[in-house]
Structures are given as C-alpha cells and as structure tokens.
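Undergrad: Here is how the chains run, residue by residue.
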Amino acid sequence: AQKVTQAQTEISVVEKEDVTLDCVYETRDTTYYLFWYKQPPSGELVFLIRRNSFDEQNEISGRYSWNFQKSTSSFNFTITASQVVDSAVYFCALSEPNTNAGKSTFGDGTTLTVKP
Amino acid sequence: DAEITQSPRHKITETGRQVTLACHQTWNHNNMFWYRQDLGHGLRLIHYSYGVQDTNKGEVSDGYSVSRSNTEDLPLTLESAASSQTSVYFCASSDRASGSTDTQYFGPGTRLTVL
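Each protein sequence line maps, in turn, to chains W and D. 10 is the number of the first residue of the first sequence in the numbering used here; add one for each residue after it. -9 is the number of the first residue of the second sequence in the numbering used here; add one for each residue after it.
Simulated from the structure, these hints should not be mistaken for laboratory data. Check each hint, because a few of them may be wrong.
To be verified - Subject to a maximum C-alpha distance of 27 Å in a straight line, what follows is the list of computed BS3-like cross-link-like pairs (lysine-lysine): (1) Lys47(W) with Lys47(D); (2) Lys47(D) with Lys12(W); (3) Lys25(W) with Lys124(W); (4) Lys47(W) with Lys12(W); (5) Lys1(D) with Lys47(D); (6) Lys124(W) with Lys47(D).
As the list claims (entries may be wrong) - Listed below are several chain W residues computed to face chain D (Cβ distance under 7 Å; list not exhaustive): (7) Glu24; (8) Pro49; (9) Pro50; (10) Gly52; (11) Ser113.
To be verified - Now the in silico label distances, taken between C-beta atoms and shown as ranges: (12) Thr103(D) with Ser83(W): 34 to 44 Å; (13) Glu24(W) with Gln43(D): 47 to 57 Å; (14) Val94(W) with Thr76(D): 26 to 36 Å; (15) Arg37(W) with Thr5(D): 18 to 28 Å.
Please read all numbers here as calculations on a predicted model, not as lab measurements. The beta carbon of each residue, even a glycine, is placed where N, CA and C say it ideally should be.
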C-alpha cells in the first residue's frame, strides 16, 4: 500500500536560514509520481512540483530545490534563504497511476514558520 | 483561465441537517475528488469520481455522498450533519488523459461548522 510520511510536524526557523522538509514514501509500483503542495495561511492548496519515478534529477527553482532519491525513498524539499512568506503548511503526496489511477496519498504536512 | 471553485466558502449548520457543498471545475478534467482537512490528519479522501455517473468511496466516506451528472460538477452531500464533520473541505480535479501525471488542482476550500 502506498504511504507518505512527513516526520517533521512543525519547523521554526529565522529568516534567511536554509530549511529542509523531509518526505519518505512507500510504494510497490515502479511507476509513480511525487508532489509537493504549499498551503499558506490563507488556506488554499498550491501545487509546487511534480516528479516521476524515472527522473531522479534534482530540481532547483529560485530558492526552492528538491532532492529525489529512490535508494532511500525520499523526496526532500529545501528552501534556501527562507523568507517570512514561506511560512505555510507543506504537503508531500504520492500517486500510482497504474494501480491507483488518479488518486493521491498525502502526508500529514509540515508546518513551517519563518520568523523575521 | 481554467479554475475550480467551491461554494459556499463558509457554512454554519445544525446537527441533523442535510448540507450540500458545491464544486465546479472548468479544467474539463475527468477525475474529481473531495477531501477533508483536520488538524493532525492532513488531507483525507472522502469520495472521488473518474467521470460522469462514476463515484467511489474514499477512506472516510461514512455520512457523505456524491453524484456526478456532468463533467464539471461534483457536489458533496452530508446526509445528516454531525459535529464530527466540522472541518475544512477541499475539492480537487485531475486529468485522466493518456500520459496524465495525476497532478491534482484544488479549490479554495469550504469551512463547515456543525453546531
């Protein structure tokens, strides 16, 4: 069965610190997708990134970077030089298109607080 | 621009009443989902649909029902509202086309309070 674990419930950092949000997943499928979503205090859920299981290249987008490692079943998210606007709940999610078409399993989320 | 909307955004109701939450998407997506979000539980799947006339139960479906009469809408009905159903409800949709990536796009959420 698919499972997503975000062991960090809450993280608090001071502005300009780097912070890494951990995500560990379980799946029996060889084809799957991994996602990160952001939920700011306003409440909406915003899609950030998607990775497929055949692409282990790390990705950088501005201050955001993602490290996908199949060997450790992890898909970690790093924010460099954090800002107050990064304060949000971040969700990691997993989908298995061949066995659970269309459905995603979400982690419980990590609440990130960036203090000025 | 394509979008997914939910109404109402806030709702207060009484125990035992029937409540329907609306979800409308203009992405032309086949897949639609309803989740509830509670502190400490993340997002839990209530019901989902892969297309018109198709509905399926998720992990927390008791006390909820959905119907899919067209591609754009998936209303969620609480048959007899209970205080345990006080939550924030999110609707989402994704594409089912060949080669789709299962990326779900979410509505703004509905905050429901059952007194």
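Undergrad: Are the hints correct? Go through all of them and say.
TA: The hints, checked one at a time:
1. Lys47(W) with Lys47(D): Distance of about 26 Å is within 27 Å: holds.
2. Lys47(D) with Lys12(W): holds, 18 Å
3. Lys25(W) with Lys124(W): Between Lys25(W) and Lys124(W) the Cα gap is close to 9 Å, so the pair holds against 27 Å.
4. Lys47(W) with Lys12(W): Between Lys47(W) and Lys12(W) the Cα gap is close to 19 Å, so the pair holds against 27 Å.
5. Lys1(D) with Lys47(D): holds, 24 Å
6. Lys124(W) with Lys47(D): This hinted pair is violated, its Cα atoms lying about 41 Å apart.
7. Glu24: Constraint on Glu24(W) not satisfied, violated at 26 Å.
8. Pro49: violated, 12 Å
9. Pro50: This interface hint is violated because 13 Å lies over the 7 Å limit.
10. Gly52: holds, 5 Å
11. Ser113: Since the shortest Cβ distance to chain D is 6 Å, the answer is holds.
12. Thr103(D) with Ser83(W): 34 to 44 Å: Holds: the Cβ-Cβ distance is about 38 Å, inside 34 to 44 Å.
13. Glu24(W) with Gln43(D): 47 to 57 Å: holds, 51 Å
14. Val94(W) with Thr76(D): 26 to 36 Å: Distance hint for Val94(W), Thr76(D) holds at roughly 30 Å.
15. Arg37(W) with Thr5(D): 18 to 28 Å: Check failed, 42 Å falls outside 18 to 28 Å.
In summary, the structure is inconsistent with hints 6, 7, 8, 9, 15 from the numbered list given earlier, while agreeing with the others.
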